[in-house]
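For reference, the chains in residue letters:
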Amino acid sequence: MENFLFIRVARAFGGEMKIIVLAKHAPDPQSEVGVASDGKSLSLGAAVFDINDWDRYAVEEAIRIKEKLGGEVVVVGVGKNCDDTLRKCLAMGADRAIKIPLDAGIDAYQIAEVIAEAIKNEKFDMIFAGLMSQDMNNGLVGVLLAGMLNLPFATAVTAIDIKDGKVKVKREIEGGYQEEVELPMPCLLTIQSGINEPRYVSVMGIKKAKTKEMKELNISPKSKKVEVVKMYLPPVKKAELITGDPGQIATKLIAILKERGLI
Amino acid sequence: MKVLAVAEHRFGNLNPLSIELLNLANKIGESEAVVIGKDVSKFASELAKHADKVWKIEDASLENYSPDLYVDVLSQLIAKVKPDLILVGNTAMGSEFAPYLAVKLGVPIVTDVVGVSKADGLVVSRYVMQGKIMVDLKVSTPCVLTIRQGAFKEGVKKTGQIVDAGIKPSKSAMRRFIGYVEPEVGEVDITKAEVIVAVGRGIEDAANIPLAEELAKLLGGVVAGSRPVIDSGWLPKDRQVGISGKIVKPKLYLALGISGAFQHVMGMKDSELIIAVNKDSEAPIFGVAHYGIVGNLFDVVPELIDKLKAIKK
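Top line first, the protein sequences correspond to chains C and F. 1181 is the number of the first residue of the first sequence in this note's numbering; add one for each residue after it. 4 is the number of the first residue of the second sequence in this note's numbering; add one for each residue after it.
Extracted from the complex, chain F is given alone in its bound form:
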């Protein structure tokens, strides 16, 4: 089986997930990578250590990512290489252009895949219900899969050949890149905190944030939040933990009413000690926490605050 992995780079760095795509490709069959940009030699050399072959697609118009131009040049390469399987990272970039590519190729697509096995076609595994349930899907080849970060960390070394594909965009981009907007800098840098009290949807209301703040203060830490809390405006954006927010590794991460969606877990899983309080015993957060409390945070937190106050006296 021939596998084509579409590498990703931004801000001059190769996304490590690109190597994970090749780890998977090498497990399944013959691995080829493609990297797109203005000057991609540096990325191609890195990829060649993990692939049988690396295709370079270079053009001045490809300096910044554009979904329609990516699909345009990838379609040309795919017509030439004829892969059985196309792998794309399930990132802000990959999850955007991959479905469009699948439609243009007229092939199936499965997103956010964490497991792949060969059957009559392929059987792929992914989560539904935000991590609570898993589904195995049968999909015919050729197809496009977007791959979740961290699912294929182990791989073999290769010394692949780097080839200029000689492909140029056949049109100009429909969508114009303007620029990047940097994250807002707030008064607290949660990545520097040793203790984080993080709140999720279970905190229920902005009026309950001070409860978390009181606990954080007693523990010498700061308050952070998961996506729903930030979306609701209960905490500022710079307090968001997750892939689209901050990656934190405190000594203590106390997760209050956080369900544990993958996007959040990737931002806090390397914390030294994780304690989670959630009403739902099936919440995925208990899969990453060291200690779990199945219960109401509004029962547990006031007790904890009282006991901490008593110790401080």
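Same shape as in the complex, but just chain C:
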């Protein structure tokens, strides 16, 4: 334990960072998503899948820190079909990947539990997760994991500054304000979108990714915390639709704006 701490502290002061990033392969809610015929699960046959948008920023941020200070970026994915996303992260510049082939659905507790088990022997300085997943929108896995591993943490992070073995971050709060806090390492941060400009994957990156390690770990969750009763389309008040060809639509819009005295 002492030795482990020494290595970690030495690495922190020496600059080198080992960062674990959680990345989810997730459907884009703006693509075709619906409710399956069982009324309890999602119908995603026609949905477009990609790396969860928040995780893209988290991976980019980890790679930037590694490029600046040296170290290693390990990406962890949970899901039977997360290979594409893990390969994308490797192509962006992550060093190796861990895949846990478990489909936990909406139960974030299970996801955090298996990740905690998968990384228990990794001597990391920081863990990055996206603020939330674009499909389930729980915003849970990161902080649950921090709780399970007793790590200091911050969510919705918009800027990271590493100095003297400590991490100074800005986190987004309401009304355009940010809160500035300082954490010791190791710690866990959930990343807000917009923190950086994620890079595109290069052909060279894709080539390199093929030689990088992707380890599969079969881990079963111990607990089940929530149960889906039903899924359905929300009852919403619908806007009055304006139809026609673009010219007709524009004419109708002008009439509405005139009537309201807006033009």
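No lab work stands behind these hints: they were computed from the structure. Nothing here was measured: the structure is a model prediction, and the numbers come from that model. Among the clues, some could well be false.
As the list claims (entries may be wrong) - Simulated restraints on C-beta separations:
1. C:I1386 to F:G189: 56 to 62 Å
2. C:G1219 to F:A209: 37 to 43 Å
3. F:G189 to C:E1212: 46 to 52 Å
4. F:K52 to C:K1410: 33 to 39 Å
To be verified - To be clear about the criterion: a stretch of chain C counts as covered by chain F if any three or more of its residues have a C-beta under 8 Å from a C-beta of chain F, and this derived list gives those stretches:
5. 1385-1398
6. 1401-1409
7. 1428-1436
The C-beta atom is built at its ideal place from N, Cα and C for all residues, glycine as well.
Start from chain C and add chain F according to the hints.
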């Protein structure tokens, strides 16, 4: 059922969502509130008008919010009060510490909840897919729920008793609070505009922003954006509409290619007239708009610009 609502305050103001938590608590059972800080008497009095009991937890080290100290003192109170349900606001603060609290208590958590009913345990409703789909989840008690703003506005009055919990943090904070960073002030204050042309992911590229600007100019308004547009750097941060940006109430809000995520809708739903253009007929923005156009903004906007130009001549 005993319900504990965790109140929230920042910059010397009680978050109105704290009262909404108590509205829900009063519907379900016995309502108790807890408020944490250096001096919370003012907040406790406000909360007592809506709760059966209000617990105060005061200490100099609690002057500024710290997630680990909040979880530390809340765990102590929860061990004493033994609530069946713990309610927290789904805010930047609440959504941060609530999952950590749930792990430390070893209980389930559901976030961003908009409906709660008693069953064998509880059945709670929340959105997934950024507002497109709703899910009902069964969860055992005790549990932690974070509650979405605006879901429980109606409530009853109470005259609760205020009690000092006599609880102090058992450790020092892992995370150090440094300070607040104020929003950047830009050249345009979108909260003052009477007409806003707002663009979302559907605008596709920075090169298309001038199209929105031209329309805004003809309507005597300004251009604003939703989160993805700001994240991409196509518009400055001070043009962001939403909970983490600006709250606007113009006479006309024209939403172009905005899907209508809750965080955005909360920033513009009180606009006098909302017109939305989106390719996706299922986009949640049509739930808040008065008029909707299901179609491509790049077809509609140029036509509208031409017709407005013709009128100006």
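Hints, one by one, checked against the model:
1. C:I1386 to F:G189: 56 to 62 Å: With Cβ atoms ~39 Å apart, the hint is violated.
2. C:G1219 to F:A209: 37 to 43 Å: holds, 42 Å
3. F:G189 to C:E1212: 46 to 52 Å: violated, 37 Å
4. F:K52 to C:K1410: 33 to 39 Å: Holds: the Cβ-Cβ distance is about 37 Å, inside 33 to 39 Å.
5. 1385-1398: n = 0 at 8 Å, threshold three: violated.
6. 1401-1409: holds (count 5)
7. 1428-1436: holds (count 6)
Violated hints, in rising order: 1, 3 and 5; the structure is consistent with all others.
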